[in-house]
Amino acid sequence: MKRHLQKAAIGERFPDLEHMRRKHSALFQGDPKQRVQTSIFVGFLLALYIFGLYYIGFTPLMLINGFGKFGIVVGAMMPPDPGSWENAFTFIKGVIETLSMAFFGTICAAVLALPFGFLAARNIVSNSFVHYAARRFLDIIRGIDTLIWALIWVGVVGLGPFAGVLAIITSDFGAFGKLFSEAIEAADQKPVEGIVASGGSRLESIRFGIVPQILPVLLGQVLYFFESNTRTTTIIGIVGAGGIGLYLTETIRTYLWEETSFIILLILMTVAAIDWISSRLRVAIIGARPV
Amino acid sequence: MATAIQPLPHDQSAHLQSVYAATVAQKRRQLFLGSIIVVLLIFLAAFGAEVDPHKFVTNFWKFPRYFYDMTPHIGVTTFFDDVAEWYWGLGKWLRYMSETLLIAYVGTVTGAVAAFFLAFFASGSMAVNSWSQFLTRRLLEFFRTVPDVTFALIFVVSFGLGPFPGVLALAIHTTGALGKLFSEIVDNIDMKPVEGLRASGATWFQQIRFGVVPQVLSNFTSYSLLRFEVNVRGASVMGFVGAGGIGQLLIEYVRKFYYVDVGAVLIIIILTVMVIDYGTEKIRHRMIAMDTTS
Chain A
17 MKRHLQKAAI
27 GERFPDLEHM
37 RRKHSALFQG
47 DPKQRVQTSI
57 FVGFLLALYI
67 FGLYYIGFTP
77 LMLINGFGKF
87 GIVVGAMMPP
97 DPGSWENAFT
107 FIKGVIETLS
117 MAFFGTICAA
127 VLALPFGFLA
137 ARNIVSNSFV
147 HYAARRFLDI
157 IRGIDTLIWA
167 LIWVGVVGLG
177 PFAGVLAIIT
187 SDFGAFGKLF
197 SEAIEAADQK
207 PVEGIVASGG
217 SRLESIRFGI
227 VPQILPVLLG
237 QVLYFFESNT
247 RTTTIIGIVG
257 AGGIGLYLTE
267 TIRTYLWEET
277 SFIILLILMT
287 VAAIDWISSR
297 LRVAIIGARP
307 V
Chain B
1007 MATAIQPLPH
1017 DQSAHLQSVY
1027 AATVAQKRRQ
1037 LFLGSIIVVL
1047 LIFLAAFGAE
1057 VDPHKFVTNF
1067 WKFPRYFYDM
1077 TPHIGVTTFF
1087 DDVAEWYWGL
1097 GKWLRYMSET
1107 LLIAYVGTVT
1117 GAVAAFFLAF
1127 FASGSMAVNS
1137 WSQFLTRRLL
1147 EFFRTVPDVT
1157 FALIFVVSFG
1167 LGPFPGVLAL
1177 AIHTTGALGK
1187 LFSEIVDNID
1197 MKPVEGLRAS
1207 GATWFQQIRF
1217 GVVPQVLSNF
1227 TSYSLLRFEV
1237 NVRGASVMGF
1247 VGAGGIGQLL
1257 IEYVRKFYYV
1267 DVGAVLIIII
1277 LTVMVIDYGT
1287 EKIRHRMIAM
1297 DTTS
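Protein sequence lines correspond, in order, to chains A and B.
Read in order, the letters of the first sequence correspond to residues 17 to 307 in my numbering.
Read in order, the letters of the second sequence correspond to residues 1007 to 1300 in my numbering.
Bound conformation, chain B alone (with noise of 0.2 Å):
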């Protein structure tokens, strides 16, 4: 037994039809205006930033031609001894390559203790009084607007050459990016724990001890895991205005036009932050997991 849906009566759907006509037109007249600006935007940005379509176009063999100059002649015969002259420099280069790793770590963990220490203090639910709360928010708004290389810039004029103050950068920009982040899973905890030490009369540290932090600590680790690969990539260029690394040997090489070398480093730095992606995804889906399970 069919049953055919009845079809509404003609005024009625006539109604619903002109109403659904005129939602239509007004979606789409938004979007039209919607786009019209952006692309008026995208014409006024192209001609700030000088987007030059022709100077694109005569000069874009240059850049395979770049990635060609950067290979070395490779012989299949003389494969091995090919490429051993390639990476001429490979203890040089590693040296500098874990100085950089280094440089990560050093800035990724010292920061990562100041905003674990300044979360608190900046968090909604957990804040002491609440100009100690602006203070450390504006603190750390600060820390992290201002571009690391632009604190490594002015470290290197107070500290020396050197990579001090590519570390000191780094772990200031990462307190102010872990800083916040850390405040906002501290305010977004379940606060019956807190309460509950508050109530039977912890001081403010034992709350936070034993009320926040075994809630915290694995989110924590995490975020802190995600800056250091972020950071490496930070520490690669860190070079470029002296403050150590590997960087600073890429520039040596890019502005002497040595380009087979320039190649062999950046598949060196490719290949590090490759497996230390691939390390901390292995790290955070284990410790998931365990989050899960206990």
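One chain only, chain A, in its complex shape (with noise of 0.2 Å):
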């Protein structure tokens, strides 16, 4: 008895898992209504995952034999090797117009989707209307991957670059007028108020108001894109639209190997480069801040 009164002393104390669990039996079960809620959805996620591996006819022996087939190519790739002098320059060229297509169709993209972000926010154009019209429009192009859009302007304006850049300024002119306009329905709404209280216009409580607000985060975002634009704008040329995606896709095709890992060491090194001077200028123009 005596022993048994240390012991509970000492447990309060010195508190032990077996003593706690007494103790506080409510808080370690938890809500059984929503322990089963929770098992229930796992079980549905995790049976939903393996009928999907069983579709996709997986098996270890075909993991194994995939890896060993790839593990064969990976050594093939080595050591990365343009094959010629001429084919380095050709690859090059064609990083330089992967690149061009990138930052010309950002920069457009920006540039047209600045008046239809206006037009899709709900602090300027309070029309309901317009504005979720505006909204589904561009929920509309984004649905549509830059793929698809370069396929689609490969067949209006033929083969070449020139279509990968009409497919870039396309799909982010979606991806951008939706990102403008949360910027400019999250900008502080006071500095309008006061421009419309000491007798500005409109035109004028956007130009003063709101715009100084946004114009950082939006650049942020334009050199965000840039930066995912230059490793999109690397596959684009798969359905011939241009920039270095057409000859990656031929040396795969080919098993031209170590042209192939060439290439990918040059993409690598690229976006590094573009990463690096993107986030240098980000820094420069909003600070240490996410975009």
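The hints are simulated quantities; they were obtained by calculation from the structure and are not laboratory data.
What you are looking at is a predicted structure, and each value in this text was computed from that prediction instead of being measured.
Glycine residues also receive a C-beta, built at the ideal position from the N, C-alpha and C atoms.
It cannot be assumed that every hint is accurate.
[What the hints assert, rightly or not] Using 30 Å as the maximum straight-line C-alpha spacing, the simulated DSS-like pairs for lysine-lysine come out as follows:
hint : chain 1 : residue 1 : chain 2 : residue 2
1    : B       : Lys1262   : B       : Lys1061
2    : B       : Lys1262   : B       : Lys1186
3    : A       : Lys206    : B       : Lys1033
4    : B       : Lys1288   : A       : Lys49
5    : A       : Lys194    : B       : Lys1262
6    : A       : Lys39     : B       : Lys1198
7    : B       : Lys1288   : A       : Lys194
8    : B       : Lys1098   : B       : Lys1262
9    : A       : Lys49     : A       : Lys39
10   : B       : Lys1068   : A       : Lys194
11   : A       : Lys109    : B       : Lys1033
12   : B       : Lys1262   : B       : Lys1068
13   : A       : Lys194    : A       : Lys206
14   : A       : Lys85     : B       : Lys1186
[Claimed, not checked] Simulated restraints, written as ranges between beta carbons of each label pair:
hint : chain 1 : residue 1 : chain 2 : residue 2 : range
15   : B       : Asp1193   : A       : Tyr240    : 18 to 28 Å
16   : B       : Pro1199   : A       : Arg269    : 51 to 61 Å
17   : B       : Arg1204   : A       : Glu34     : 39 to 49 Å
18   : A       : Pro232    : B       : Asp1193   : 50 to 60 Å
19   : B       : Thr1029   : A       : Leu284    : 34 to 44 Å
20   : B       : Phe1211   : A       : Ile66     : 35 to 45 Å
21   : B       : Lys1288   : A       : Asn143    : 23 to 33 Å
22   : A       : Trp292    : B       : Val1236   : 19 to 29 Å
23   : A       : Trp101    : B       : Trp1067   : 42 to 52 Å
24   : A       : Leu33     : B       : Arg1204   : 44 to 54 Å
25   : B       : His1060   : A       : Tyr71     : 44 to 54 Å
26   : A       : Arg269    : B       : Thr1029   : 31 to 41 Å
[Said to hold, decoys possible] So these bits of chain A aren't anywhere near chain B, every CB distance computed over 10 Å:
hint : residue
27   : Lys39
28   : Gly176
29   : Ile222
Once you've looked at the hints, go ahead and assemble the two chains, each given alone in its own frame, into the complex.
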């Protein structure tokens, strides 16, 4: 009896797991209803995942075989080698073309999307129909991947980098329009009210009340999209819309692995350089703030 | 009793005004110089990308024409029959669309789980040692820099045509993209629970399980859902390189000039993407609401 009391006192001062479990049993068990709900939900996700694996024909043997072949491919990629100086120049020209497409496309998309962003912002256009229609229009454009836009533009202006530029403009127009309108809606309304109160017109309230607030945010987003577009434009050549992607697909389809790895290396270096430059610029423009 | 604001004496205000003018002038000069550089770069880029306004103007009519060709002739009286004829392959298209969703789902889950485990090694606060941190960070960088379609192209060669290389490519790209985001989330957690666990003798695994995971799980899920949206779009074009999904039908119809079918398939893709975006947004909002109440 005494020992038991002593043990309890010790437990009070140095609580061990068992003691705590006994004392706060409700806390340890949790809400049973929520537990059942969570386990049903997780079970469903897991079942779907297993069905997915089964559907895509996943077997361990296939994985081993595939990665065996993949290992051979990687082995054939070493060392990265363009084959000849002529090829190297062609590939570098492809990279420059890719960068040009990304830069021109991003800037054009941003310029075109800016007025549309105002149109889709609730605090600028109070007409809910215009606002709603603009939003859905942007949604439709964003629902189509850049590669699909590239496919469509190739049909319109023919093969070549120009089709890629137009594809980037179209698909980024949708993304920019949405982001810009969200930035405009998030802007502080007090400067606008101040300008209106001191006799400014509607246009002046936008120019001096909203634009100075959103400009750094927009520039940050444009830079970020330029980075991501350099990645996208490296593959847009797969459908014939210019850039380094054309050579990448060609060398892979003809099993020229050393040239493939040279191109991949080139892409990696370009993307790294662009990321570095644009992160520097972003810090210079808007300071160390997440986009 | 109105009090008028006393203006500054002339010599003082003149000095202030000159400083103000100089500052403004410098800012304007900077802006001017910056704009010149940007405009120059735009022209260079336009030259490099073979931008051709003439070609654009002479061919632009084909763009609305393309969409016109995609829309079938639908009469008012025979509306339902026409739509039924337009969507002659609805069952097949929906099957391919569900395959696309499945590719995106399996790819996202696999990538998110891999990113979950790698994120702790790559993070600044929970890393085991500096060389494993360096290695994981470089690996994640490599995974997210190489575009997913490039991975798919190579995997199609080693795994054969079908959805599997698509899943693998998406999973690898997702690992890279989410791994970085996850490790940044882990870096931003409150370290006090972790320190408490460490002080009471918890192992590295226990510190993560009871100190880190409860803090980051909702953010991890939210980012994974966002990634799922991105991957649905990505999976819709995996078929272009033979890696399964609705993309292979789409590129086939485009190449064969079956415009009406292209239109029908595009509408299916757009609607699916919209529904997925809407659904994941709802889930994320609910999760944020749960976070703030608990």
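Hint by hint, here is what the structure shows:
A threshold of 30 Å between alpha carbons decides the hint, and for lysine 1262 of chain B with lysine 1061 of chain B the separation of about 24 Å falls inside it, so the pair holds. The hinted pair formed by lysine 1262 of chain B and lysine 1186 of chain B fails the criterion: a straight-line CA distance of about 41 Å is larger than 30 Å. Between lysine 206 of chain A and lysine 1033 of chain B the CA atoms are separated by roughly 26 Å; this keeps the pair inside 30 Å, and the hint holds. The hinted pair formed by lysine 1288 of chain B and lysine 49 of chain A meets the criterion: a straight-line CA distance of about 22 Å does not exceed 30 Å.
For the given pair, lysine 194 of chain A sits about 34 Å from lysine 1262 of chain B by alpha-carbon distance, which is inconsistent with the 30 Å threshold. Of the supplied pair hints, the one linking lysine 39 of chain A and lysine 1198 of chain B holds, its CA atoms being roughly 25 Å apart against a limit of 30 Å. The suggested pairing of lysine 1288 of chain B with lysine 194 of chain A holds, with an alpha-carbon distance near 18 Å, which does not exceed 30 Å. For a cut-off of 30 Å, the pair hint linking lysine 1098 of chain B to lysine 1262 of chain B stands: about 18 Å separates their Cα positions.
Distance check on the hinted pair: lysine 49 of chain A and lysine 39 of chain A sit about 22 Å apart at the alpha-carbon level, within 30 Å; holds. At most 30 Å may separate the alpha-carbon atoms for a hinted pair to count; lysine 1068 of chain B and lysine 194 of chain A meet this at roughly 27 Å. A distance of roughly 37 Å separates the Cα atoms of lysine 109 of chain A and lysine 1033 of chain B; the hinted pair therefore is violated under the 30 Å criterion. Restraint check for lysine 1262 of chain B and lysine 1068 of chain B: the C-alpha separation of about 17 Å stays at or below 30 Å, so the hint holds.
In summary, the hint linking lysine 194 of chain A to lysine 206 of chain A is supported, as the alpha carbons are separated by about 23 Å, within the 30 Å threshold. Note on lysine 85 of chain A and lysine 1186 of chain B: the hinted pairing holds, with a Cα-Cα distance of about 29 Å set against a maximum of 30 Å. Hint check: aspartate 1193 of chain B to tyrosine 240 of chain A, Cβ distance near 20 Å, so the stated range 18 to 28 Å holds. Between proline 1199 of chain B and arginine 269 of chain A the beta carbon distance is about 53 Å. The supplied range of 51 to 61 Å therefore holds.
Separated by about 23 Å at the C-beta atoms, arginine 1204 of chain B and glutamate 34 of chain A break the suggested range of 39 to 49 Å. Taking 50 to 60 Å as the suggested C-beta distance range, the pair proline 232 of chain A and aspartate 1193 of chain B does not conform, at roughly 24 Å. Between threonine 1029 of chain B and leucine 284 of chain A the beta carbons are some 43 Å apart, a value that agrees with the proposed interval 34 to 44 Å. In this structure the supplied range 35 to 45 Å is violated for phenylalanine 1211 of chain B paired with isoleucine 66 of chain A, their Cβ-Cβ distance being about 26 Å.
For lysine 1288 of chain B and asparagine 143 of chain A, the Cβ-Cβ distance of about 26 Å falls inside the hinted range of 23 to 33 Å, so the restraint holds. Under the hint 19 to 29 Å, the C-beta atoms of tryptophan 292 of chain A and valine 1236 of chain B, about 24 Å apart, fit the expected range. For the hinted restraint 42 to 52 Å between tryptophan 101 of chain A and tryptophan 1067 of chain B, the CB-CB distance of approximately 43 Å keeps it satisfied. At about 18 Å, the beta-carbon gap between leucine 33 of chain A and arginine 1204 of chain B misses the expected band of 44 to 54 Å.
Checked against the hint of 44 to 54 Å, the pair histidine 1060 of chain B and tyrosine 71 of chain A passes, with Cβ atoms roughly 49 Å apart. Arginine 269 of chain A and threonine 1029 of chain B have their C-beta atoms about 59 Å apart, which leaves the hinted 31 to 41 Å range violated. Distance to chain B confirms lysine 39 of chain A as a non-interface residue, since its nearest Cβ pair spans about 18 Å, more than 10 Å. At the 10 Å boundary, the C-beta of glycine 176 of chain A falls inside the reach of chain B, the nearest C-beta of that chain being 6 Å off.
Remark: the non-interface label on isoleucine 222 of chain A is consistent with the geometry, its nearest Cβ contact in chain B lying 20 Å away (cut-off 10 Å).
Violated hints, listed in ascending order, are 2, 5, 11, 17, 18, 20, 24, 26 and 28; each of the other numbered hints is respected by the structure.
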